[in-house]
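Going left to right, the sequence shown walks through residues -21 to -1, 1 to 163 as mature numbering (1 follows the signal peptide of the UniProt record, and there is no 0) numbers them.
These are computed hints drawn from the structure, not numbers from a lab. Treat the hints with caution; some may be incorrect.
Unchecked claim - Beta-carbon label-pair distances, calculated as ranges:
{"#": "1", "residue 1": "80", "residue 2": "118", "range": "33 to 41 Å"}
{"#": "2", "residue 1": "18", "residue 2": "80", "range": "20 to 28 Å"}
{"#": "3", "residue 1": "124", "residue 2": "45", "range": "37 to 45 Å"}
{"#": "4", "residue 1": "63", "residue 2": "19", "range": "18 to 26 Å"}
All figures in this text were calculated on a predicted structure; none of them were measured in a lab. The beta carbon of each residue, even a glycine, is placed where N, CA and C say it ideally should be.
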Amino acid sequence: MLCIFSYAHWLCICLLEKCLFMSFDRFLMGCFFLARPSKSNPGDFTLSVRRNGAVTHIKNQNTSDYCDLYGGEKFATLTELVQYYMEHHGQLQEKNGDVIELKYPLNCADPTSEKWFHGHLSGKEAEKLLTDKTKYGSFLVRDSQSHPGDFVLSVCTGDDKGESNDGESKVTHVMHDSLSGTEI
């Protein structure tokens, strides 16, 4: 699996911190890469590839239907896109024709393929989805709409019966702060 740079504890904190756990000389040789949320297009991803002593950033479009490199071949998931370009050397190129190789992923879990990860979902949509299930403890993780790049944990809560005082299921939202690594 490749590392999705994000803001939850189960994901990588940042490229520089990850480098502390490997030989820095080996890292400088290049072809290491990771995927992270795009800063310029919330909801999309960017592949950051270390090569030739510098970092190249490759934008990835991520819709609810597919993931691609803005006009390239379409893939069901970001993981499939990365796997394809790791296996098909020479297919990923800069505009000037220089080949970009994806050789060494910085490893950690990819939450986007988990059934509990719902990506682009509003708080109201999460509440509807969770209250339709009406099971105490049901949860999902979604992208924060108010703080792009952060994640929100939405949980069906309530009293012992899974309901609030008015008989309705209740949903609690907890956002994870991308900078401090804490809940807010």
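Structure-based check of each hint:
Between residue 80 and residue 118 the CB atoms are about 38 Å apart, so this pair conforms to the stated range of 33 to 41 Å. A hinted range of 20 to 28 Å holds for the C-beta pair residue 18 and residue 80, which are about 24 Å apart. Restraint check, residue 124 to residue 45: a C-beta distance of roughly 21 Å breaks the suggested window 37 to 45 Å. A C-beta distance of roughly 24 Å is found between residue 63 and residue 19, which places it inside the suggested range of 18 to 26 Å.
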